[in-house]
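Q: Okay, here's what each chain looks like letter by letter:
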Amino acid sequence: MGEYLIRRTIQAIVTLFLVTVFTFALIHLAPGGPTQVMIAPGVSPEAFEVQKRNLGLDQPVHIQYLQWMGRLLQGDLGTTFKNNLPVGDILWPTVGNTLVLMIAAWLVTLIIALPWGIYNSTKVYGISDQFASIVSYLGFAMPTFWFGIILQQIFAMNLKWLPLSDMWTYGKQGDIGDLVMHLIMPVTVLSLGFLASYVKYSRASMLEVLDQDYIRTARAKGVKESRVVFRHALRNALIPIVTILGLDLPILVSGAALTESVFNWPGMGRLFVSMANAREYSVLMAIVLVTSVFVILGNLLADILYAVVDPRVQLGRKGGGSK
Amino acid sequence: MRSTWKKSLLLLICVLLVGGMLAACANKSDSNNSGSTNNSSTNNSSDTGGSSSSGGDSGDPVDGGTITLATFSDIVTVNPIFVNDTSSGDAVVFLMAKLYDLNREGLVTAEPWSIAAEEPIISDDGLTYTVKLKNYAKWSDGTPITADDIIFTVETIMNEDTGSPLIASFDKIEKITKIDDYTVEFKLSDVYAPFIYSLTFEPAPAHVLKGVPVKELQGHPYGKDVKTTVTSGPWVWKEWTQGQQLVFERNPNYWGEVKPKIQTVVYKIYADQNTEVQALLRGDVDHVSAIPVTANDAVKQDPNITLILEPGPQYEFMSFNFDGKNFPSGKSLFESQKTRQAIAYALDREGMIENVLKGTGILMNSPFLPGTWADPGDKATHYEYNPEKAKQLLAEDGWVMNEKTGILEKDGVPFSFELQYNAGNSRREQVSQVIQNNLAEVGIEVKTAGIDFSAWVEQNLNPGKYQAILLAWSLGNPDPDAESIFSSKYFPPDGQNMGWYVNKELDKLWEEGYKVTDQAKRTEIYHKIGEIISEDLPYVFLYRYGNAIGIGPRVHYAEEDAPEPSLAYGYFFHVINWWVE
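Protein sequence lines, in the order shown, are assigned to chains A and B.
Here the working numbering is used: the first residue of the first sequence is 1, the next is one more, and so on.
Here the working numbering is used: the first residue of the second sequence is 1, the next is one more, and so on.
Careful, some of the hints might be misleading.
Simulated restraints, written as ranges between beta carbons of each label pair [said to hold, decoys possible]:
#1 A:131 with B:355: 43 to 49 Å
#2 B:350 with A:71: 52 to 58 Å
#3 B:141 with A:74: 34 to 40 Å
Some chain A residues judged to face chain B by a derived CB distance under 7 Å, without partners named [as the list claims (entries may be wrong)]:
#4 20
#5 28
#6 50
#7 90
#8 155
#9 157
#10 158
#11 164
#12 172
#13 261
#14 266
#15 270
No lab work stands behind these hints: they were computed from the structure.
Only a predicted model underlies this, so the values are computations on that prediction, with no experimental measurement involved.
The C-beta atom is built at its ideal place from N, Cα and C for all residues, glycine as well.
Please build the complete structure, drawing on both the sequences and the hints.
A: Written as structure tokens, this is what we have:
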């Protein structure tokens, strides 16, 4: 296990390095730059040059990358071009806000999707199963921003039951009740998107397992159906779902930029959009970095969870023995 | 089998959704059309009625309360030396006092909230401006605002190493002298009448920033750190939650004789303009300075919201390029004045205002804002929509229809050009299509090209490399001087005459225009310029446009303090006198 972790960590560092090189190059290749966004069109070229020099943008790209890397290794994410603010100060609060939203959406999804999928696997093509199909297609097909706007129109504008947008009402920061009210609509929108796949996956996974010989054996022995489903089938059916959970973890972090924009949620997705418009390279790089770290962690976590859910899975090369 | 079934179900759902959306849209526009005129008139009357009754002798303004404002981008800094974006500028309105303010007519004035005590005294030769300061104006930390602050700010802006976006407004200054603590003298190198507008800046505190090397000023916490940013205006800075909101509180030690009435100002940042409008309609927000044109109708329907439809101080135009290098034949297609006039006649500008701008626009025939003192009015040539006249002028100019292609030709060169605009600007996208259709009618082929804004500025605008563009100028101050846009002294890449336009007579007139300070004389010169330029057409001037201002029912102001859309930041005109209930 220890060796396995070390190996994965080294892999992760190499991957991260490649991701940063690639993203840095891409971001700098994009036309325009921070100076163009900062200065109105028509201002004299000298003003641009002064700005570029002040910002260190007159250096070749590889030098800029090395400078950025050097600072990063000292734990410094850099500062914004336009107002010299530490990137961390801008980024970390949004990471927290995004996590609040995403974890809520994820929990709601799991609480609904897993039982529903399991139930449907026992009554294939029943009414509930058909209904789940419709919900899934809706979830896949409906643009999230559109669904969000519809919800806002009904529940915030017409009925006035729920707040329109934001994370807190001004002056109520820290009030959990207020937060929950603000969470309802964005969580609904996000959950519908997640729900589609999770109901399908858990149903398919259960069906596959329920078809196995040992289940038939259990049934033949006269084990109660509920015990067959929850005791014998569920644990095995969870394995592929754990994989998907791990793979979806980065979505939690990178956030749903559109949903965050519609509901004005102060998260990382919204930050990414506005910083991309402003060509704030250092913030963009930091977001990419954070997201990459979570992708790698998500994969690692999924691997480790396998071992927990399925004792047959062994981590590490030499991990033969202890059964 | 199963997969085709899935696909058809998917398709069905899509159709249903789209169908539903269309139906919803159709309903909405129907009801708008039937009620729009009524609604706008009730809006207007309820506005003036409400404010004048509360603003008159009977109703006293209410003291205290919170106003919530909306924007769609965060501020950069409130250090006035570096402010270059609308959101930061908005914040500065509340936090910083100006040396001089503009009155409703756009003239430089010493208001009770200006730092200057009286209007500047201009010497007879027009070279020296003497400015007297109030001797009781103070920074929020109690330090008096003196001549040192004024001189420090101007000298810092003039220093190239600072990188201030305001540098051009002070480039005519030869010398600044401190006469005494409250008197400053500006000496200019040449007579330059628009200089008076340069005096409407906000000073930065010398006692805080004096020791900072200029190159480090932009990175200095002043203007970004809430606690240490010393301000001079009616409100002080209380909070900045990045990407979410700024909060200003009434300055308890405000020096002005007129005190602000509103206690707390919350400046909320939304992800986009449509979200702002929703918040305004719901009552979460009291003031939206820029309502997207597409939302005008929705806002009009709400009788509680005052919608101010007058366009702002900016105009859109189609610029011709006169540099032959940009054309495959080596010769600009727009060299002849008759051709340019024909294009002006071929364009349905009224139609653009009605259909694309939803009425928030005013036709322009010269580069001066309609209704301002420089506006030549009827003296400028007006090009009504007249495709027949356009065809006739083109024929007179030697353009012959190629029956095979349906495009006009002259010496074997087809009349076909590329019209660029910035991608994502839906107004320009729609207007470029109107232009394309209008010109196709008279036999000119237009290829429209939407380009990413910053790439466009870098690769096309700054070097002057394009055939034709759709762009707008926004006029930061009401002075009509536009030499740097139209004079051949200002070719790219150093100047803003991006279309390489040359007109010697105009070159001379632009110069004369700022070389006299006498108002009557200047008026005459600019009218003359308007007359010539509207005939010669370096641009087709399209329209003055803008975003409507939306104000919620809680906000009140007397009539003389109502927002003034024609001024920059005029949507907060006299905000010190506004009140909420």
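Q: Each hint should be assessed against the structure and marked as holding or not.
A: Status of the hints after comparison with the structure:
1. A:131 with B:355: 43 to 49 Å: The hinted range 43 to 49 Å holds for residue 131 of chain A and residue 355 of chain B, with Cβ atoms some 45 Å apart.
2. B:350 with A:71: 52 to 58 Å: Roughly 57 Å apart at Cβ, these two residues keep to the hinted range, so it holds.
3. B:141 with A:74: 34 to 40 Å: holds, 35 Å
4. 20: Violated: closest Cβ of chain B sits about 23 Å from residue 20 of chain A, beyond 7 Å.
5. 28: Constraint on residue 28 of chain A not satisfied, violated at 13 Å.
6. 50: holds, 5 Å
7. 90: holds, 5 Å
8. 155: Violated. Min distance 11 Å.
9. 157: holds, 6 Å
10. 158: Since the shortest Cβ distance to chain B is 10 Å, the answer is violated.
11. 164: This interface hint holds because 5 Å falls under the 7 Å limit.
12. 172: violated, 13 Å
13. 261: Because about 4 Å separates residue 261 of chain A from the closest Cβ in chain B, which is inside the 7 Å limit, the hint holds.
14. 266: holds, 5 Å
15. 270: Since the shortest Cβ distance to chain B is 6 Å, the answer is holds.
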